[in-house]
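Student: Sequence:
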Amino acid sequence: MIPTTLLRRPVAALAALVAVVLLGASALVAPAVAASSSRASASPCQAADLTVVRGKTEAATSHRYTHFVVTNVSPGACQLGGFPRFHFRNASGTLIGWRSAHNGSASTVVLQPGDHTRATVGRVVVSVVSRHDCHPRRATSIDVKLHHVSQVWNLPYKARVCTTKQFRPEAFPLS
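Numbering-wise (numbering that gives the first Met the number 0), the sequence shown opens with residue 0 and increments by one.
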């Protein structure tokens, strides 16, 4: 038989752990409420409020993910939502392939002056799929379009890319 004093200590330890987790969770909920209230007061970002530059490209199994850094250069907070859109161009400036598909759930971010967010495009590596299914072409630039912002940023992007709907680029939520 197990003494009741040994049984009480694990229960007390578990109760303390649950209390810490709940207190920690309530601390995490409070900032989310503050962020949503500031979101309501921020006006939508305009093209003149933003700069977009190419960031780093990361590799994962058979894919490449390129991040584009979006910075609020205005004197006030502004809000971006939805998904970015991406579309590749060839050396003559002609659009090639399909516009990006959405991957994940749309997000909304509030950018304070000088704050950054990241728009990410993913693409399959041409060499891992059949030429027939991919129809590879050389891209020399990419159009970046942010939801509800009138401007399209065309930035250098040199890569062989698939141009079929099956292997179209993927746009990820702002992060």
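For the record, the hints were derived by calculation from the structure and aren't laboratory data. Since we're looking at a predicted model, the values are computed, not measured. Please note that the accuracy of each hint is not assured.
[As the list claims (entries may be wrong)] Derived EDC-like pairs (lysine to aspartate or glutamate); straight-line CA-CA distance at most 20 Å: (1) K164 x D142; (2) K164 x D114; (3) K55 x E169; (4) K157 x D142; (5) K157 x E57; (6) K55 x D132; (7) K157 x E169; (8) K157 x D114.
Student: Run every hint past the structure and note whether it holds.
Tutor: Taking the hints in turn, this is what the structure says about them:
{"no.": "1", "hint": "K164 x D142", "in the structure": "holds (17 Å)"}
{"no.": "2", "hint": "K164 x D114", "in the structure": "violated (34 Å)"}
{"no.": "3", "hint": "K55 x E169", "in the structure": "holds (16 Å)"}
{"no.": "4", "hint": "K157 x D142", "in the structure": "holds (13 Å)"}
{"no.": "5", "hint": "K157 x E57", "in the structure": "holds (15 Å)"}
{"no.": "6", "hint": "K55 x D132", "in the structure": "violated (28 Å)"}
{"no.": "7", "hint": "K157 x E169", "in the structure": "holds (17 Å)"}
{"no.": "8", "hint": "K157 x D114", "in the structure": "violated (28 Å)"}
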